[in-house]
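**Q** The primary structure of each chain is shown beneath.
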Amino acid sequence: MILAVLFANSVGNVLIERFNGVPAEERLHWRSFLVKLGAENLKGVKNEELLVACHKSVYIVYTMLGDVSIFLVGKDEYDELALAEVIFIITAAVKDVCGKPPTERVFLDKYGRICLCLDEIVWNGLLENTDKDRIKRLIRLKPPSEF
Amino acid sequence: MAQPLVKKDDDHDDELEYSPFMGIEKGAVLQEARVFNDPQVDPRRCSQVITKLLYLLNQGESFTKVEATEVFFSVTKLFQSKDTGLRRMVYLIIKELSPSSDEVIIVTSSLMKDMTSKIDMYKANAIRVLCRIIDGSLLTQIERYVKQSIVDKNPVVSSAALVSGLHLLKTNPEIVKRWSNEVQEGIQSRSALVQFHALALLHQIRQNDRLAVSKLVGSLTRGSVRSPLAQCLLIRYTSQVIRDMSNHGQSGERPFYEFLESCLRHKAEMVILEAARAITELDGVTSRELTPAITVLQLFLSSPRPVLRFAAVRTLNKVAMTHPMAVTNCNIDMESLISDQNRSIATLAITTLLKTGNESSVERLMKQITNFMSDIADEFKIVVVEAIRSLCVKFPLKYRSLMTFLSNILREEGGFEYKRAIVDSIVTIIRDIPDAKESGLLHLCEFIEDCEFTYLSTQILHFLGIEGPNTSDPSKYIRYIYNRVHLENATVRAAAVSTLAKFGFMVESLKPRITVLLKRCIYDSDDEVRDRATLFLSILAGDGTVDTDKDSKEFLFGSLEVPLVNMETSLKNYEPSEEAFDINSVPKEVKSQPLAEKKAQGKKPTGLGAPPAAPASGFDGYEKLLSSIPEFAAFGKLFKSSSPVELTEAETEYAVNVIKHIFDSHVVFQYNCTNTIPEQLLERVNVIVDASEAEEFSEAASKALNSLPYDSPGQAFVAFEKPAGVPAVGKFSNTLTFVVKEVDPSTGEAEDDGVEDEYQLEELEVVAADYMVKVGVSNFRNAWESMDEEDEHVDEYGLGQRESLGEAIKAVMDLLGMQPCEGTETVPSNARSHTCLLSGVYIGNVKVLVRAQFGMDSTKEIAMKLAVRAEDVSVAEAIHEIVANG
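So the sequences go chain by chain: U and E.
Note that full-length UniProt numbering gives residue 90 to position 90 of the first sequence, counting from 1, and the numbers run on in steps of one.
Note that full-length UniProt numbering gives residue 10 to position 10 of the second sequence, counting from 1, and the numbers run on in steps of one.
One or more hints might be untrue.
As the list claims (entries may be wrong) - Stretches of chain U that chain E covers, calculated by requiring three or more beta carbons in the stretch to come under 8 Å of a beta carbon on chain E:
no. : stretch
1   : 65–73
2   : 109–121
What the hints assert, rightly or not - Here are the in silico distance ranges between beta carbons for each label pair:
no. : chain 1 : residue 1 : chain 2 : residue 2 : range
3   : U       : H29       : E       : Q80       : 37 to 45 Å
4   : E       : E756      : U       : S32       : 51 to 59 Å
5   : E       : E143      : U       : K100      : 22 to 30 Å
Simulated from the structure, these hints should not be mistaken for laboratory data.
Every residue, glycine too, gets a C-beta built ideally from N, C-alpha and C.
Chain U on its own, in the form it takes in the complex:
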């Protein structure tokens, strides 16, 4: 299960957060834990370089993309390797929508589209689509090109 997908800006404000199977009272803890993790480790990291951590039995994979930091939390079958795959798809889709690694402004301008992409990639904690070109079509309700 992918427990959380979280996007934050460069000073740690949350831009998008989606939790799956995490009780409401634990979300605040996760939110602050992730943002702190990012603040401590993401400074000076190259675009899309993946960082990894584990906390108890869950895994965290996170990265920077332009001004935005992206965090994924998973457990069981979504270990560090599976999460790396998911975050790769997410960054590819976000870059596709924004045309480049986004500034915060660009990210917010394309907010609706990014939400749609996320909806195609992760659905209730499970990975659904993995191909950025297909995702690009799906968010416009266009059938996949290979079909």
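Given the coordinates of chain U, work out where chain E should sit on it, guided by the hints.
**A** This is chain E only, laid out in the frame that chain U set:
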């Protein structure tokens, strides 16, 4: 970072960088949402409003029931628009709003229309939305369409239906299980993603059907799997099948190993790592099987991608716990990871090295770790400290450098948990390695000179009181202890007073001086400190308040005879009156804990830790528990208690395990029973034991369990008499008998009448190893040489064909039940010969040492030369007899 959790609506000076959501407010957005009701829908504007709603929801904002209902109703009107962009947004916002069951009906007809629409993309999205919002009864209505969609030609539709199936399986398993034929077809799909989702769903549907999973794995490992993701799933399912097969006694060549091994050459890194991990986790994995997996993991250690390095080192860390020698080849690569920027990777590397390093590398390793410790967080430091503790127990001769390291880090900054971990480690080392005692105690003394944690100070003072008086120069600790009386808070002062008293009582020469010090404490500002000082002064003066030395000793050093929990309850119930509180009124019987609490306790405490928890576990706990039962009180001193042996399979109605308690001429079986059925209460729970295959045993007593409510474990006991001092063996078959009463789940009350019933348990064996206590020695050679060579008894044995030397060593260790010494239980990979050193205490308190030399020939035949030295030559012979009969 300024305000990490503030919503993103703060001002920015730069005009160009202002947020499109600046100043966004829920009320205003809800007003704007009225645009959805316009007769002429403006798709662009509506999309913008939905985006704002999403922004609010994605930031953790919540809508009241009325607000959500109103927005949901308006959104449903947007189905009239044919604009595809807007329709896609509508699908998303409906899922996000998650309407309540009574509102869902408004939108189901529109969604069902979309689901049967000719436009595939409407179909896929409608399925996903419907599956998110409907309940079981509605699902049966649309089931036909979902089934059709699973085999739809369009992969997006098919995937949507399959992933919906994965979600619905949790809430409506019966319905989803009916789709397995279609899902099976999905596995054959040419689309990689459809195959991935179908595989996941089919496995979930059939996970309890071993044969079906085995068939599924069998066919797919031969066929083609189209995506790395699906391949990883297949590897996981394959490992499960291998585990199940070995559990069910299938022997011979390990099935599917070749498949796992071939995955090590897959082009996707993810698959390679998954396969390597699966191989390392195989039950009883041999070094030949491990080698290729370790080789690929080693390559990943120097990967430029942190995720791969992390995955590899995490796997190797686990392997090091069971097969440390297999990982030693990677030590050089691992050492370079100590400086890895990613601290998680560095910590894993360090702890792995601590497990795999040999005695000669300890010092070098400690040097590297010292530099590393300063820049990691406490949580990582604790992991390192725990690894060092195990290392010290493994290589007792290296205690000096390890103790120095621990005392150095004890002086540095750190939080409570970290400091506690260090103190616990020092205490463990002092207890396990007698030579380390004096220096360890001094380190602890220095620590309490500047310790900000009351809990740790009191614990250390208590420990000092027990260990300090027995050292060569007890007077040197007094200064540190008395300083506490001057400089600390009342709790620590009181603890210091008690510790001083212990020194005064145990060391005659110190008594006058301690008396002077204690006299100074009777003017303390705290009443507890004054009371203690007065009491101890009177004990030390021997003025008749306390009768004998024995009583004083019992008072100062004895433990509380009643469980702390019971004591607490009794004290709370005590009403102040003329009648003083009587400690004898506190019940001694240990109350069982509910299961959930027990699980939450986590790992067992080490070192100082908390004192043993109330329920009897651990040797001391068992000893107390048994002596409190009148039927067993006369059995004398408990020699050994085994670890629990399960007598039922996992997840049965009643879970029972047994602990074998060995006395000189008795054996007591403690049956720990748990009732896992909420609707039942068991009464008069007893175990009927048939000892016809245990000739030397005769039943002496039994104690039934009066009541066994749901989820609240209890114990029944049966005791057997056996010839004194004789290691008698035998087989016992067990039947649980009880009266079962129905419980009304709403009130929790049981019916008055019950029905007698019984439940067959597995057999239980008392074996030779039950008469051996694992007791290590810090220096095997010294211990060996100190025993008389004349009494050494040597013999040779053929152990037959074995997969590896390690397997043979484990078999001998299990048979004898002895403690391996100096890490000799692990065998270097590919070794043809090995010496294993074992130590223990045999019944009758006879010290035994064993030197077992193993050799393996080209046909994997294993020979063993066993040399035994014991304090009693007959015991050395008995050990040989056990091996010869085993």
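**Q** Decide, hint by hint, whether the structure agrees.
**A** Do the hints match the structure? See the list:
1. 65–73: violated (count 0)
2. 109–121: It holds, with 6 qualifying residues against the three required.
3. U/H29 with E/Q80: 37 to 45 Å: 43 Å, holds
4. E/E756 with U/S32: 51 to 59 Å: Hint holds: Cβ distance 57 Å, inside 51 to 59 Å.
5. E/E143 with U/K100: 22 to 30 Å: 45 Å, violated
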